[in-house]
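Novice: The listed protein sequences correspond, in order, to chains A and B. Take the first sequence: its position 281, counted from the start at 1, is 281 in the numbering used here, and no numbers get skipped. Take the second sequence: its position 12, counted from the start at 1, is 12 in the numbering used here, and no numbers get skipped.
Just so you know, not all the hints are guaranteed correct.
[As the list claims (entries may be wrong)] Selected chain B positions facing chain A (Cβ under 7 Å, derived; list incomplete):
#: 1; residue: Val31
#: 2; residue: Gln119
#: 3; residue: Ala269
#: 4; residue: Thr274
#: 5; residue: Val284
None of these hints come from the bench; they were simulated from the model. From the three backbone atoms N, C-alpha and C, an ideal C-beta is built for every residue, glycine too.
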Amino acid sequence: MGDSNEAFTGTDAHAVNGKLPGADAHYDLVVVGAGPAGLAAALEGAAQGASVLLVDEHPVSSAQMGNDVPFWFGGRMTGAVQAKARMIEQVFMAQPLFEQAFDAGIDVQLGVYAWGLWRNRANLGALPEPMLGLADEERSWTVGFKAIVLATGARDLALAFDGWAQPGVMGAQGLHALLTRYDAFAGRRVVVLGSGDLALDTAQLALDKGLEVAALIEVLPAPQGDPAKVAALQAIGVPIHCNTVIRGAPSGIDGVRAAVIGPVGGDGPGQTLDCDTICMAVDVVPAIELLDVAGGRIVTDSARGGHVPQALAGQAVPGVFIAGDCAGLGQSEQAAAAQGRAVARQALGMEQAPAESAPEAFDRLAYRQAWLRALVAATPETVHVCQCEEVSRADLLGVQPPNYLPRPEKLGCRSLETLLADGPPDQEQIKRLTRACMGACQARRCREQVGMLLAMGSNLPVEQAPRAGWRAPVRPLALKVLADWNEADAMREGWDVWFGIPTQWTPYRDIGTEREAMHREALGGNMHL
Amino acid sequence: MTKSANGASVIVIGAGVTGLSAAWWLARSGVDVMVLDKGVVGWEASSRNGGGASHYQSPLFDEEQRMWPLMDELLGYPTEYQRERVIIAVSERQLHHYHYIAGMCGDMGYRVDKIDAQQAREMVPLAGDNCLGGIHLRFGGHANPQRTVQAYAWATQDLGGRIFQHCPALSIEVAGGRATGVVTPQGTFACDALVVAAGPQIAGLMAPLGVDVPLAAARAEMIVTEPAPLMRWGGVDGNGLYGRQTLRGNLAYGGGPHEWIDTDPAGPAARPATPLARNLARRVAELLPGAAHLNVIRSWSGIIENTPDGRPIIDRLRHPDNVTIATMSGVGFGLSPASGHAIRDLVIDGQVSFAEIDKLALSRFADLPVDWRSQRGWDPFAQAA
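Just chain B, with the same shape it has in the complex (with noise of 0.2 Å):
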């Protein structure tokens, strides 16, 4: 197809980290692409996470690790990315725990240190009397989440591709078996292939085309002190918390419960944070005594999807043949420039060149019981009660 107004040869439905990612990367291999959203950039869970950018659980790992360091110099705009992390213990059972994914980690050939309390202090400035000791993870990191989403869209404008913010995603038309165009406010935009990487919203995307995701949108909150002296590493966390020390040197911890709710075809209606607050302000002065008296400044929330088994769904259908859909369930930030590279190989080959992904298809959820959210305790709050 040639470039034109009202399409591209591939449409991206959702400007999250996922899919811009898979938009820079097809970008990168000289096709033309449109990526569509309801709102702004990276505006839900994109950019508001943990940051963090190191996991090992994946099968996108190494192409995670590998990709990271060069991400600044290939987007061309900064993402703060640094390097490793360090995981303190408050608690022996911390500590016993994080052992155990020290071990984990090691047989699978990743290297992690352990470290005794008086290492961990020397290493964690802001550590305090209370530290037991952790792990030193000697790969992964983190990044600037809000930073990292504008890079990957600028760095896709850049290279031809096109960014439609506050143009919704409305349906997806289907002919001859393949999915022709999408429909938005703007009009409808013809593609040749699409990637769907709507967040909570593909399942509604999704099911008029007879395709079933399986989806639980919940809430989850983080809180922001004002900036604390810089640490060397800034990828610190533990005590029940994930999160870092930004580059402004500001302390940026999640963690704790989060509320199953509804999902709305067109976004989160809403975003509150709740007095959650407070048990996550306990467990970062507890983590860093040494900031305990730095000052809360900001709490947050937003909206994430998970799967029935909390892995990724990438997957390229079989009908309409032409339609790839991402999600990361909820871990999705770091392994972005991964999951990008793999969504960019299913669109264009047809398969992931460098990873075995098949335990990630949608095919492994066929059988799934119609209750699913409720035997798993996710149906949202109202109903639950």
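Just chain A, same shape as in the assembly (with noise of 0.2 Å):
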């Protein structure tokens, strides 16, 4: 081998080292979510002298939307939506501090969407600073900072059922947006699935908007949250039917025209509940998309919500701070916003970690279980659990691919039970093998119940249901919106579609002949394949 004739410079021209550019724009502190806890940090940086950018999703764009990102909108939203300049304003107004926050010099920036976020860590030294990756509709771009507090909330939890798929079902957080911050909800007539503070929240929400509702649904012999609220609901005439699942959901030409409900376990006659929306309200899950891509460790923890941050609020990784509901549920409004302030003069080296507020004694997953058991008996195994690729709970729990390919006899022998042979259940081999979760909602219609069957199927508790992880962009942008048009010299010029090693592409029978030389004159590296 001609090593010795080579001549080496020292350097890869076609490595990284150099190529990624800085950020486009740089604050002391930035600000993920103006939710409670993201307004009163961003707010609290701002007292403190810092320039503070303060980035919300919302309004988020009718694609996004349809697409159940970030919430679970059901497609039950007006044409309202559609007008995002509109929306803009109409979100603005809805939250009396965003005016103080502008009054305070924040740069607030809505209906930005935060997808990625990136620091030097184990196996990537090449970034010239931590980044965070923003985009509009139209363009993608990054910002630097000290710190960044991310207070993402938290996101829908979704069951499948008979005709969950379709117009009409959606999130409670989806409900809750579309009632209070887009004033765009199109239904009429609610029900609501579960018992616990959220749905009972959810249910007083939609009576004071105006909304019907139809009844609370509970799998458990009783109401799960606040009896005061469950009082007040009951004093006006809304019923909670406990013991109860629902069985499937009849489709009219807007979708969802009622409930079929019926007795947990039995197979005797449902009852028909006329309405438009059904709003699955049994739990919601930290929001920890940005936190994940960014290194930082997530573990399982039924109280604060499942998989959340190993951290508790403050810091989550060097420079990477979490509040509020991402960093775990059951805090009212007041304690996630007095936890942003605390967590903001943290970021700016104020203070030490904020005090922990104790999370409520709920045991979440094995309420959210004991929903997901009473829905899989009440559920033919052919519904789809991952809407985006279709995949039946049949199919992931035979771990078969999906319908555009063959399924020879072999397939057939093949099942989540003999995989176990070979190791505990693994999402991301499921996902790639069945294709759930791998759609363009990003799974967030069905990471959660798709781990939760695993562990069923696997005869594991629930708690050691495997996660399928996040992945930037943490909410789909499109190629054009995310490209980057504006690309440094370097880039272009050490771009190589592999890894620029001209040796590795001389075709075998050349290789010490005069026609290598000749090749790599003609090709360099860069060899097509």
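Both chains are sitting in their own frames, so use the hints and assemble them into the complex.
Specialist: Below you can see the structure in the form of structure tokens.
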């Protein structure tokens, strides 16, 4: 091998070194999420004299809503959401603190998606600085910071039942956003699934907004939430059907037209409740996407909301702080705001970690599992658990490929059970084989239930349900939006299809011949395959 | 050796695509084979790649081309293999480059058709007005790496082979000049012969045996979009990208700069992606303007090992003479049906029956200077700064 003939320069023109640019803009403090914790964090940062950027993705585009990003909107938004400029005004006016934030000099950017968060860590040293990736409907860009506070809140927990993949089936976060921030909810009569505080509050909000609440449905024998809230609903005649599960949602021309309910585990006659919306309010899930892609450690903690940051409110990884629901569910808005303020001070180096608020003593995973078990018993195994990729529960647990592939005989002998002989269930492996969780909603509608189903199918406790990781962009973004159209020269000049090693692609018969030199001169290392 | 829970006739370290194919080929020959892996089958670069299967530069090319159309049937599980590739240019420089490759392949007897801009747009409906033409490889193709690695694993099991996941090889036991076993946290597994196909971890496993395998690991990235309407030829790339449209319709593409990293004996501690996704997105949007409105829904990175010349090492060693090592230097997926065959031949027969691969021997690096990584600028980023 002609190694001695090579003239090496000591540099690799095709390595990433020096090619990733710094951020497009810089702030002392960046806050992602303008809920109670994020707003308080941003205001505190400004009060301390820091330059602050506060970004919130709401109002999201109607296209994102159509993909159920970031919430499970269930297609129940009005046409008003298509006018984004009008919606920005609407969202701004719905939150009085935004005006205060403007007055405080905070750079408030609404309708802006935070889709990536990067910092140098194991196997990544090439970033010139930590960066957050942002985008609107037109373009993407990056911002740098001395510290960042993730106050990304929570997203919906979705569980499948017959008819769940149609307009009118949605999550509590989606309904709450459409009612309060967007003023753009298209339904009239709602059935609420669940009876914890989330469900009770959702029903009360719907009533306050002039909607009808047909009923609340609870699979457990008794309502799960605050007795006072239960009593308030019952006092005005809203029924709470316990020991009851939803069996299906008959379709009308605009999606859901009714909910069919029946006793848990029973196959007796059901009851049909007329409604145009079924709102799943069993639970919400901490929105950990950005921390996950930044390498923050994620653990399972039932009381805090399932898969949650290992870190509590405060610094999760160097320079990255978390506050509010994304750090753990179960605190009031006032407590979240206080936490946001404390975390902002910590992020600015002013004080140590904020005092912990003890999460409510509620076993969220057990509750979710009770719902899952009841729904599995009431739902045909042919119902899709992954809407995007149309993966049924049977195919998920059978580890069968999607419908566009053949299913030869040998595949029929494979299942979750045979995979378990090789090791514990792995959601990433199941994703690859079944395509569950691989779709355009980025598994927002299926990742929790797929994990729980895999645990159930593996006879593992729900706490050991496998988790599918998040990948940037953590919001679906069009190629032309994500694209860097102002690329640095260094990136363009050093770009190669693969490693740019010229000897790698020399045809075998030409190695060491004149032809090898000719190929290298013509093509360099960029031998496209 | 009779089949035993504590060992196998042949142990393969590494359930990547190369090790799995080797195990499958060995099992097809009736060999009692056991595969050990630190994690899940095909977890690293074997399932995080472009899925291409058109490696005209390789001595294994003919076998690669012969095998792929047979793989679904032979494995018994679908690989999503699709024939042929189309490479399209959006700059004159690229077009010239692709035409040179067409000529180079033609000289070797592999048919490549030049296509003009209109033909390219007809063959690739997502191409745009910026397309200047390209080449149509009438050989090769692409497959689904994730599905294929699992197919190898299952097919090996169907033939009686054993696969131990979450069972990292900690060291190799040697006695009497031969490898006699592999030490793992689950105990030591005895073997008559050993295949070391552990990717970047090969070097660390072989060093204690006095065998220096020069490898450098790096991180590379890809992106994938939501599904686009299916094109007749899914194996479309160009514009500095490798990749394909999957049978589901997703566009999966990679390319661009890599980051050299240190090798962790336990495997990569993390596989972080970077804002490079933006540069990839730009190139995909330029390559396929008809898809520019499609959402990117994931990006990911993988860890790849390279040899100093970027060519594979497939070699049965002299000392210990029952050890075969295999690294494909970052170009392993498509060639796997052939590399496994070559490894099978080396393990059983001592030589490859279907190709001459002498230039892939480890001995070519015997005189490599110790600072070969620094010479090439391949030091891990932190040290290079």
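Novice: Now, for every hint given, state plainly whether the structure supports it.
Specialist: Quick rundown of the hints versus the structure:
Taking 7 Å as the C-beta cut-off, the interface hint given for Val31 of chain B is violated, the closest approach to chain A being about 20 Å. At about 18 Å, the closest approach between the beta carbon of Gln119 of chain B and any beta carbon in chain A exceeds 7 Å, and the interface hint on this residue is violated. The interface hint given for Ala269 of chain B is met, as the beta carbon of that residue sits about 4 Å from the closest beta carbon of chain A, less than 7 Å. The beta carbon of Thr274 of chain B comes within 6 Å of a beta carbon in chain A, closer than 7 Å, and the hint placing it at the interface holds.
Taking 7 Å as the C-beta contact cut-off toward chain A, the hint placing Val284 of chain B at the interface holds, the least distance being around 5 Å.
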